[in-house]
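Enquirer: Sequence:
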Amino acid sequence: MKNTLLLCLLSISSFAQVKLAGFGNTDVRYNATNLPQQQTTHTLEGWKGEKVNTQLVIYTSSPVAKASVKTGTFRKSDGKSLAFETKTGFVHYVWTDGLNKAGSGCGIPANNQLDSSRVADGIECINTKKIAANTVQPVWVSVRIPRHAETGDYKSDIIIVIDGKAYPLTLNIKVKDHVLPEPSKWQFHLDLWQNPYSIARVHNVKPMTPAFFKAATPYMKMLADAGQKTITVSMIHDPWRSQTYDIYQSMIKWTKKKDGSWAYDYTIFDQWVSYMMSIGIDKLINCYSMVPWNNRFYYYDEAAGRDTVLVAQTGTPEYNAHWRPMLQNFAQHLKQKNWYHKTAIAMDERPLADMLKVVALVKSADKDFKISLAGTYHRELGEDIYDYCISAAEIFEADIMEKRLKASLPTTFYTCCVEARPNTFTFSPPAESTWMGWFAANKGFNGYLRWAYNCWPANPMTDSRFGTWSAGDTYFVYPNAGSSIRFEKLIEGLQDYEKIRILRAGVINASQLEQLNKTVQQFELGALAKETAAEMLQKARTVLNSL
1 MKNTLLLCLL
11 SISSFAQVKL
21 AGFGNTDVRY
31 NATNLPQQQT
41 THTLEGWKGE
51 KVNTQLVIYT
61 SSPVAKASVK
71 TGTFRKSDGK
81 SLAFETKTGF
91 VHYVWTDGLN
101 KAGSGCGIPA
111 NNQLDSSRVA
121 DGIECINTKK
131 IAANTVQPVW
141 VSVRIPRHAE
151 TGDYKSDIII
161 VIDGKAYPLT
171 LNIKVKDHVL
181 PEPSKWQFHL
191 DLWQNPYSIA
201 RVHNVKPMTP
211 AFFKAATPYM
221 KMLADAGQKT
231 ITVSMIHDPW
241 RSQTYDIYQS
251 MIKWTKKKDG
261 SWAYDYTIFD
271 QWVSYMMSIG
281 IDKLINCYSM
291 VPWNNRFYYY
301 DEAAGRDTVL
311 VAQTGTPEYN
321 AHWRPMLQNF
331 AQHLKQKNWY
341 HKTAIAMDER
351 PLADMLKVVA
361 LVKSADKDFK
371 ISLAGTYHRE
381 LGEDIYDYCI
391 SAAEIFEADI
401 MEKRLKASLP
411 TTFYTCCVEA
421 RPNTFTFSPP
431 AESTWMGWFA
441 ANKGFNGYLR
451 WAYNCWPANP
461 MTDSRFGTWS
471 AGDTYFVYPN
481 AGSSIRFEKL
491 IEGLQDYEKI
501 RILRAGVINA
511 SQLEQLNKTV
521 QQFELGALAK
531 ETAAEMLQKA
541 RTVLNSL
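The opening residue of the sequence shown carries number 1 in our numbering; numbering runs sequentially from there.
Derived pair list, reagent style BS3-like, types lysine-lysine, alpha-carbon separation capped at 30 Å:
id, residue 1, residue 2
1, Lys342, Lys363
2, Lys518, Lys539
3, Lys335, Lys257
4, Lys403, Lys357
5, Lys337, Lys206
6, Lys87, Lys165
7, Lys342, Lys185
8, Lys185, Lys443
9, Lys337, Lys406
What the hints contain is simulated information worked out from the structure, not anything from laboratory work.
Whenever a hint applies, use it, and build me the whole structure from the sequences.
Expert: This is how it looks when you write it as structure tokens:
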């Protein structure tokens, strides 16, 4: 069989319709012009409990009615076999664009005025696929190494079946003598913002119903398996001024009664939080936002018999009168639910003047309320903000960073449309997603934030472009519970972060620790102007795997 396979690979004339390219590279988004070197064997390295990835690539000059991939049991040289959790998915193509003339992903011209192209990104959860003629078809393969696996070398067959004809490949995995904890026990604070209303629209279900939760579960389990720590809550209607295709609705019903008092219905909030906690995402509940991008606060007015809106600037008497009773009532409700110490009042990219007023108001309503901010660093807020996330180009002052990390506070960074690189657009080099974990390890951050996990545009399966942001800015995963190359590569970086943390904690000797630290210190933003993320990671992982 192997001789037959080699003939098929090396001689087009032996099988004119199909060229089987074999193993590819997970750092490459393949298209019709970048077929990989033909490899029928491939070797990966990983810790026990780690998820490792590879990519297969098929090229066909004629239509294929049915392509599939079959995986087998892993075997050691002594004959012992062990079932590894293996998943395969066909990579699909979406429309993407690029950066603007200034080299940023913000302010993209409307009506798709940038040059657009189709790019490999989504990973479909399907068993078989048709392939059109003259098409490159990548296949993503993920393998979870069992935590109880013996250290050593394992081998397994991967069979690509094209219209009934089998093409066997060999995947080798070197299992290292270290164990990676379960994602729920990772210390990395991952915060990818969820949008339940996108799920409701795409699946045509009413939010927070049994049908909705059934539809949402595959997406949220994927997120939990990536080590997600936070639950995204919209405590008011449209906190981001309609910057998403599916507007965030208020999970709390605000009612101003006829006598001027306030009533708050937390039914939807409770349903969403309880559901997310049942999935395993239960470390922090971030509630957005006391400072929305348009200063508009919607509520139901009993006296008027209709929904209405208050427009109020932060710190004004009207603003304080609107928020103080809510905060006091909300704190009582959270304490009754035993969620108080897991909940934070969250803001996104708000000015210092507004933040100082909000902090004072929140603390006056309940002094122990936690506060979150994703935005610019200000020393004045350094010790008042529980969950503080700053942009990748900023730094916490050393004394503030030391105090925060000593107190185990989420002290993280984010990327958005501003950064040309590293980023997670659908046209970004995949390795840049992995690079995030190494950058965090270098700078001392204990986590990463990105909007958004699933703020889908109108047709996310075919077109990743949306609004004035570069394509892919608003989502990592696809409808039908499909992952993406970007999301899988991000998880690789989070695993690397945890491995670095574990090794630094005393597993290796002083000489090895010095070598590891020197390697990690290479991950500076400016380094990406001289070397690609993939090149940096290839060298860094060689060091990491040697320890």
